[in-house]
Amino acid sequence: MENDYDRVRAGIEFMTAYASGDDMLTRYISEQRHENPEAAAQMLDGTAALCALLLRKAAGDTGRTQHEILQELAHGTNEHEQLSDEGPQA
Numbered sequence: 001m002e003n004d005y006d007r008v009r010a011g012i013e014f015m016t017a018y019a020s021g022d023d024m025l026t027r028y029i030s031e032q033r034h035e036n037p038e039a040a041a042q043m044l045d046g047t048a049a050l051c052a053l054l055l056r057k058a059a060g061d062t063g064r065t066q067h068e069i070l071q072e073l074a075h076g077t078n079e080h081e082q083l084s085d086e087g088p089q090a
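Oh and the sequence shown: position 39 is 39 in the UniProt record's numbering, straight run, nothing missing.
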């Protein structure tokens, strides 16, 4: 992956699959394993457990759904990336 946005986006995709249910998660994992078996295994073990815990906590704390939180993170990250790409305004 080339930049932080791509890394965050990949995490958001993984957690969106997780929050969408077992079928979506299974498809996502299958695709990842097909592309790079080592990366998928590494991602699944530690990151999924931590992200799932954080996402459940954030949803409980805010009263939002897990999907709303993920959409908000995606939107905020995209805005930040766009601002970073534009550089300082003259």
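Don't read these hints as lab results, they were simulated from the structure. C-beta atoms are modelled at their ideal positions from N, C-alpha and C, and glycine is treated no differently. It is possible that part of the hints are untrue.
[Unchecked claim] Using C-beta positions, here's what the derived DEER-type ranges look like:
#, residue 1, residue 2, range
1, Ala-58, Met-24, 15 to 21 Å
2, Thr-26, Gly-87, 38 to 44 Å
3, Leu-53, Arg-7, 30 to 36 Å
4, Gly-60, Glu-31, 16 to 22 Å
5, Gly-60, His-80, 31 to 37 Å
6, Asp-23, Glu-72, 32 to 38 Å
7, Pro-37, Gly-63, 21 to 27 Å
8, Gly-60, Arg-7, 35 to 41 Å
9, Arg-33, Arg-7, 28 to 34 Å
10, Glu-35, Lys-57, 19 to 25 Å
11, Asp-85, Gly-60, 30 to 36 Å
12, Asp-22, Thr-62, 36 to 42 Å
13, Arg-33, His-67, 33 to 39 Å
14, Ser-84, Met-24, 15 to 21 Å
Hint check:
1. Ala-58 x Met-24: 15 to 21 Å: Holds, at about 20 Å.
2. Thr-26 x Gly-87: 38 to 44 Å: Hint holds: Cβ distance 41 Å, inside 38 to 44 Å.
3. Leu-53 x Arg-7: 30 to 36 Å: Taking Cβ atoms as reference, Leu-53 and Arg-7 lie about 19 Å apart, which means the hint is violated.
4. Gly-60 x Glu-31: 16 to 22 Å: Violated: the Cβ-Cβ distance is about 30 Å, outside 16 to 22 Å.
5. Gly-60 x His-80: 31 to 37 Å: 25 Å, violated
6. Asp-23 x Glu-72: 32 to 38 Å: 24 Å, violated
7. Pro-37 x Gly-63: 21 to 27 Å: For Pro-37 and Gly-63 the Cβ distance comes to about 39 Å; the hint is violated.
8. Gly-60 x Arg-7: 35 to 41 Å: 26 Å, violated
9. Arg-33 x Arg-7: 28 to 34 Å: 19 Å, violated
10. Glu-35 x Lys-57: 19 to 25 Å: 30 Å, violated
11. Asp-85 x Gly-60: 30 to 36 Å: 34 Å, holds
12. Asp-22 x Thr-62: 36 to 42 Å: Since the Cβ atoms of Asp-22 and Thr-62 sit about 25 Å apart, the hinted range of 36 to 42 Å is violated.
13. Arg-33 x His-67: 33 to 39 Å: Violated: the Cβ-Cβ distance is about 24 Å, outside 33 to 39 Å.
14. Ser-84 x Met-24: 15 to 21 Å: 30 Å, violated
This entry does not satisfy hints 3, 4, 5, 6, 7, 8, 9, 10, 12, 13 and 14, going by the numbered hints stated previously.
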